[in-house]
Amino acid sequence: MNGAALFWFFAAVTCAGAVAVVVSQNVVRMAVWLIVALGGAAGLFFQLSADFVGATQLLIYVGGTIVLLIFGVMLTASGPYLRIKTSPGEGFLAAGVGLLFVLVLMSTVLTIDWNAGRLKLAGLGKVSADAYETALHKEGLSESDRTLLEQAYQPSAKADHAAEPAPKSGPAVAENPEAADSHGSAPKPGDVHSVPAALAYELNPGRRLTSAEAARLAALFGQEKAVVASAMPAQGDTIRPLGLALAGLRPDRDLNKVHAKAATTPGYLLPFEIVSVHLLVVLIGAAYLARTKRRRVEAS
Amino acid sequence: MQPILAAGTIADFFRQPGTWYQVPDLAATLIAAVIHATLLIHIFALSAFIFIWLERKVAGRIQDRLGPTRVGGKFGWLQSLADGIKLIQKEDLCPSAADGMLFRVAPYIACAASFAAYIVLPLSDGWVAVDSDIALFILLGLLSLEVVAIVLAGYSSGSKWSLFGGMREAAQMVSYEIPLALSALIPIVAAGTLNLSDIARMQSGWLVNWLIFQNPFTFIAFFVYFAVATAECKRAPFDLAEAESELVGGFHTEYSGMRWSFFFMAEYASMLLVSIVASILFLGGWNTGIGPIDGWLDGLRASGAASPAGWSFGSWFANLIGCIITLKKGALLVFVQIWVRWTLPRLRIDQVMLTCFKYLLPICCVLFLGAVAWPIVLTKAIGRPEAIDWKKAKISKPLGERAHEVRVRRKAERAADVDAKPATPAAFRGEPKADRGRVASVAREEGAVDSSRDVAQAEVSR
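Residue numbers (my numbering), protein chains in the order written: chain A, 1 to 300; chain B, 1001 to 1462.
Worth flagging that the hints you see were computed from the coordinates, not collected in a lab.
All values reported here derive from a predicted model rather than from experimental measurement.
Among the clues, some could well be false.
What the hints assert, rightly or not - In silico SDA-like pairs for lysine to any residue, Cα to Cα no more than 25 Å straight-line:
#1 1358/B <-> 1189/B
#2 1160/B <-> 30/A
#3 1160/B <-> 64/A
#4 1090/B <-> 1256/B
#5 120/A <-> 45/A
#6 85/A <-> 1098/B
#7 1090/B <-> 1260/B
#8 1160/B <-> 65/A
#9 1358/B <-> 68/A
#10 1358/B <-> 286/A
#11 1160/B <-> 68/A
#12 1358/B <-> 278/A
#13 85/A <-> 1099/B
#14 1160/B <-> 84/A
#15 1358/B <-> 289/A
#16 1358/B <-> 65/A
Sequences are here, hints too, so could you generate the full structure?
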């Protein structure tokens, strides 16, 4: 609840700042409102326990980029560039593009099954047949719980297919396992627990769960705390793994592996190097552009 | 891992169900936040109160004057209060050429940025509002926001003096942030963590445990850091933004009354902030530097943490002493800053930039390189190269721990050799049962010396 209140506060600050950037016409004021918007976004990062990203946002964007922006405006303070007036046509165009972007975001957010994601984080994305049967045949299981279990889980494909992602399809698949048939080892449609071949049961992608249903399912498997915990952001302490990953090491993945000679996870060394070289080139270019142009002076 | 928000414990206290002081969830969070902010704002405001008096007094003495003597007894120690009362009564002016909103909001940004940085600053073991794992990074990020306020004040005043002051300030701060971050990075390389509490904790013990004496590079880095931090607080000899001989008052020419004083509260607060950070990064933080006393205080803290309440009078007392020590160290460094201000003449703007880019920055780069190479050279020199062999050592641990583990492991192996028993892989506990482990044990059975080079040779020969 606290998290929600703080989230709405920071989200409101971010959005208000962003709108004010667009609405205001003075360039310096725009920069100030941009500080507000970026600071609010940094607050959201902090709230997600992404301390590093939040602090980077403050250091680089608010403390660096915006200062340089205002610095640049100050150097060119007089003249027609201090005020920016947009014509109504530009305003409509920008509003249209912005609305389209909001629609894209909304459609993406609404497509994702967040509750199933929470169950997967709690380790209930795929349960063993034993656990499933135990939960299904528990004493005093109410009828609604039974239907919920039957609808939410489906027998997973063969063990060697297990690593593949579940087929993405519409809600109709829940009762009609045509997609599963195409895998070859499909169980018969109908009551799932009568299929003895299934080694494990996985979440049925066709059945959208509400958050109450997800919590109920976790409770049926005796893991209600896990779902609550996975809904909350993890604690910080990401800086060392992050730094090592940038240096090309993933100790969280493969240090002290059984076979030392097995391929190690590369980390992010290559992208990091590419970005570094790119920055170096940019710096050299900037120095080249900013150098004193002696020859032109001599010519004149 | 302890919770990131220390305020969480106060909030939990107010959330206990069935007690008369139970309040709703959000209210408990707010109460905890208000308590922490109130405690911190006292350090923020009182430090400015004291240091402004100290500045006047020290300036007077250095210039062979008495300084304030009238207000509040012999030493004039209530001078800051008199100043404050005077400033509150002044008219709040806003020039007609100014951009009103930005002009009014700039002093608050300066204060807020400086105050926000105190959130992650530990004053004693556990006495910190947010015990973040990247406290130093957040602190530097927040400190860099102060420049926004100065630049805005300079721009929005509508005066050319202010504009010049703001431009100088922007150029200076943006340039000096680079050596500031680099010089703060050097003790970080030695410590292996960005958590300020952890850094202070690992300097407990005798004086040589302080990071300034860790290696030659941190020793030089301390002085570089201190010079750069002085520049970052726009203190003399780097106070180009308010050079009164050239720019009237610099960025604060048009300000009056409390808004003017907010800039100076922020300045004195950030002076104390960078000084405390210097004392934590280099000078042992809340540790006294005397081994037995530190051991005793750490014992008191540990006893408090071990008690069922997680708190005892002893641990509170130890933390109080630690807090006083931290503040004393910080105040001492602030005194040095004041001393420097009234001793050295102001630099020219080109000299300020030259100092940054031609001297401080290369020095920092060399120091950084040296600090990184130091453990490699040292582990080779004292014969524990396994500590930096990334295939064997747990590289996610700090180097000091790894070097120590090698030593412990060697001791265990030597004891095993003395017992003339066949070496068991138990010496490699914590390591996987890798091929390498088996090779190592085979090599040891053949009586090979247990250095990684021999292990590697054995591996090759197989």
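- Provide an ascending list of the numbers of those earlier hints which the structure does not satisfy. Nothing - there is no hint that the structure violates, so all of them hold.
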